[in-house]
Amino acid sequence: MTLTNESAPGSVDGTGGEHLLVVENLNVAYKVHRRLRPTLHDISFSIAPGEVIALVGESGSGKTTTGHAILGLLPENGQVTGGRITFRDQVLTELSPKGWRSLRGRAVSLIPQDPTVSLDPLRRVGEQVEDTLSLHSNLDAAQRRRQVHELFETVGFRDVELRYRQYPHELSGGMKQRVLIASAIAGEPDLIIADEPTSGLDATVQKQVLDLIDDLRRRNRTAVVLVTHDLGVAADRADRIGVMEHGRLVEVGTPEQIFDSPQHPYTRRLVGAVPSRSAVPVRDVAAVGRREPVITVTDLHKSYGGTDAVAGTSFEVHRGETFSIVGESGSGKSTTARVLVGLTEATSGSVSVLGKDITRLDRRGYRPLRQDIQIVYQNPYSSFDPRFDVFDVVEEPLRAFQPPQLPWKRKKANRDRIVAALEAAALPPSFADRHPAELSGGQRQRVAIARALVVEPKILVLDEPISALDVSVAAQILQLLENLQRERGLTYVFISHDLAVVRAISDHVAVMQNGRIVEQGAVDDVFSRPSSPYTQKLLAAIAGRKLVHL
Amino acid sequence: MRRYILKRLAQAIAVLWAAYTLSFILLSVLPGDAIRNRINAPDSLMTPQQAQTLLEYYGSNRPLIEQYVRDLWGLFTGDLGYSITNGGRVWGLLTLNLPATAKLAGLGLVIGLVFAVIVALLINYAKFGWLKDVFSFLPALSTSVPIFVIGIIVLNVFAFDLHWIPPVDNHTFTALIAPAATVGLVVSGPLAQVLSNSIRLTRSQPFVHVMHAKGAGEGYIFRKDILRNSLLPILTLLGLTIGELLAGAVVTESVYARAGLGQLIVTSVNTQDLPVVQGIVLLTTAIYVTVNFITDIVYPFIDPRIALDEKTTRAARTRRLAAAEGLGGDLVEAADLFEKRAPVEVARS
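Protein chains in written order, with this note's numbering: chain A, 1 to 550; chain B, 1 to 349.
Bound conformation, chain A alone (with noise of 0.2 Å):
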């Protein structure tokens, strides 16, 4: 804890103190096509009993990989091929699977990545963390039920018989990560590897989900490896950072010395990109105010079979400017901008937009403002026609809009327009012959933007655009956004959960919760002087808060 990073601050080795696991010189491959490739070079790192050490960094850089032999649980194909680890006085690194076996669950245990398909479907929860009790401890059935509602208890569950009875699928995320949690801390582990826990949930959710966690570590000097691909939790969580890239563990200090003294460049470049942090132009919101609605939302309602997605809601969009709709899963943004593109047909209400009531109109009706608005989504690998390259993705908005014709005439014809947007998207040409599978998901993403520019619209829906991107891909998405809407007036509507974007990137933002706006206005009015409860509940739950000083 604390007296480790007095004694040695940011030193790579964690000397002093007691140490509950060592990691030395640890070396990890995998077996790619009969050919060993390393993945993992020289991790070194120690932890103290009661210690968080976050492990961060983006995809590919090796920090699952790293809990996963700490864990002894590589894929088939992965082994440790040099270094090892030490946990308490056992050699970790030539552990007999047996050896193993009474390890895991006991003395070292997981907090999975995502709750919703970490649980056996077919199971009660209940038995699903008693199997830790059975499988290490002598308690009848009798005692280790008593037991798993203690831990229910624990982790925050109020009806203990009722939730051990339950199936997965009766509870929400964030419920069955509690039920994981209280799986992985059943046999009074020393060392939890947390693997990204609370990366599906949102923000409330998550700030509940890490703060038990924390009190749990604290109560029990239990130490946590926390893997995260999010700076703010682990500003906000751990005691030091390890920063890895491609296999290395290229920092490691304190929240303070990482954030504000960023040695490595890696680490600097990582920072950096944190959305707050960049440099954000100001905006001048008062100007925008005046300028002519383009998206005019009256009293909208959609019900889908009694129940109301949108309960109500009124909004204004102007020209030019960025309007952010945040909330957490299932308040009713995405329905939203689904009524606003014309996928879905509002139950009452009015929406016009760029002056045409658009509130009754069917997917016909509505074809001839599919020039004027596209939307972009989240996952744009699986709006991609699996047999379509690059060109022809960025060719299917044009097509809808162009009499048939013979397919290589159509190309020929279209060519200049999808080089134009594929450079406007900041792609080379070249990759118009390419497909979408071999491309990265912030190259994915580039694609789907140019997609949408493809047909020149004035209005762009963006639809969790970043949220499955690591964070300098995601801001230097941001940041094309950004120049796009510079140089064509584009005008967005940017659908989020993440409020630290929201507010780098917006001029106006409504915050919904069940269907409702419960608040919008002004970015900075709504971020400095929120006036509803929810909106500070929300603000409260932001992950980073000492980084990006809301």
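Think of the hints as simulated: they come from the structure by calculation, not from any bench.
Don't take each hint at face value.
[Stated by the list, open to error] In silico lysine-lysine, DSS-like type, Cα no more than 25 Å apart, as pairs:
1. B:Lys224 - A:Lys31
2. A:Lys537 - A:Lys207
3. A:Lys98 - B:Lys224
4. A:Lys458 - A:Lys356
5. B:Lys132 - A:Lys98
6. B:Lys127 - A:Lys31
7. A:Lys31 - A:Lys98
8. B:Lys127 - A:Lys98
9. B:Lys7 - B:Lys132
10. B:Lys224 - B:Lys127
Following the hints, position chain B against chain A.
Below, chain B alone, put in the same frame as chain A:
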């Protein structure tokens, strides 16, 4: 739940009716007529009066639609009619031949399942890589070899060369083993393929990773998680397998010269004995529909995500595919295998 069952019952009746009608039309358009064949046979000793009575009785001189309505009415009153070739009651013929085929299909299913489970386990859990490869090859092999080839090989080796089993049916259990193993081997192909893929997919699920992290060994995880999760797609496939078993029985019974529904349908189709063929079609359709109905009822007991009320039944089917996650392709593949080889479609209607 009650509404669901009633709805399924109505569906089952509709399927039975469709199968009946379809086979009626198919057999009517075939050239020739069993009754006239019998009258005009050289060894027939019938007087013209007798011939007339026979024609009147079967009504084969009446318009087709009238025959159809009459037969259908008979069906509702529980009367399947009489065989044209041997004059016995159709119902009697069916009950006489059903037990033999049921034994064959039943034992065939057991052998097929056991074989499929063993192969699937070996594919997934064998220690040596080459062993896995060998076993991965088996399901495809057993599905691609036609059933009569397997039957003839087994017969030649075990009956004629080794004399382990009798070459014809002498109503002993030993005589049943070879034909049942033949049918079983054939149906085990798709079962093994789907089961081994579903075990593989289940093992790669994150929740299995979590189980490992709890310190559980392979055996524990298999018992607690893998078994039930991998059974889901098998259950769906089982409904199709019943049809396959009955179709396989037709060929197997011919190869092994066993009495049974298979033999009965072969002779009845050859002699255009319409009432008997209709009876068999109805019986097999009823079995098929019943088995699929039972699998649908059993599903929610294995998978708590599926509830059998009227609102969710449609979603249940989609859910089921989602539960199999990625197994859709394998199911289609398995269904394709069935389609390609089904020797007598009548048995599956």
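Report task. Below or equal to 25 Å on CA atoms is what counts here, so check Lys537 of chain A against Lys207 of chain A. Result -> Holds: Lys537 of chain A and Lys207 of chain A sit about 10 Å apart, inside 25 Å.
Report task. For the pair we were handed, Lys7 of chain B and Lys132 of chain B, check the Cα-Cα distance against 25 Å. Result -> Violated, at about 45 Å.
Query raised in the report: Has the given pair, Lys132 of chain B with Lys98 of chain A, been kept, meaning a C-alpha gap of at most 25 Å?
Result: 24 Å, holds
**Report entry** Pairwise hint evaluation, Lys98 of chain A against Lys127 of chain B, where the allowed Cα distance is 25 Å at most
**Finding:** 17 Å, holds
Query raised in the report: Would the pair Lys224 of chain B and Lys127 of chain B pass a check requiring their Cα atoms to be no farther apart than 25 Å?
Result: 21 Å, holds
Report task. For the pair we were handed, Lys127 of chain B and Lys31 of chain A, check the Cα-Cα distance against 25 Å. Result -> 18 Å, holds
Query raised in the report: Keeping to a limit of 25 Å between CA atoms, is the pair of Lys224 of chain B and Lys31 of chain A held or broken?
Result: At roughly 30 Å apart (the allowed maximum being 25 Å), Lys31 of chain A and Lys224 of chain B break the hint.
**Report entry** 25 Å Cα cutoff - pair Lys31 of chain A, Lys98 of chain A
**Finding:** 24 Å, holds
Query raised in the report: Is it true that the CA of Lys458 of chain A sits at most 25 Å from the CA of Lys356 of chain A?
Result: This hinted pair holds, its Cα atoms lying about 14 Å apart.
**Report entry** Satisfaction of hint between Lys224 of chain B and Lys98 of chain A, Cα-Cα up to 25 Å
**Finding:** 19 Å, holds
Checked against the numbered hints above, the structure breaks hints 1 and 9 and satisfies the rest.
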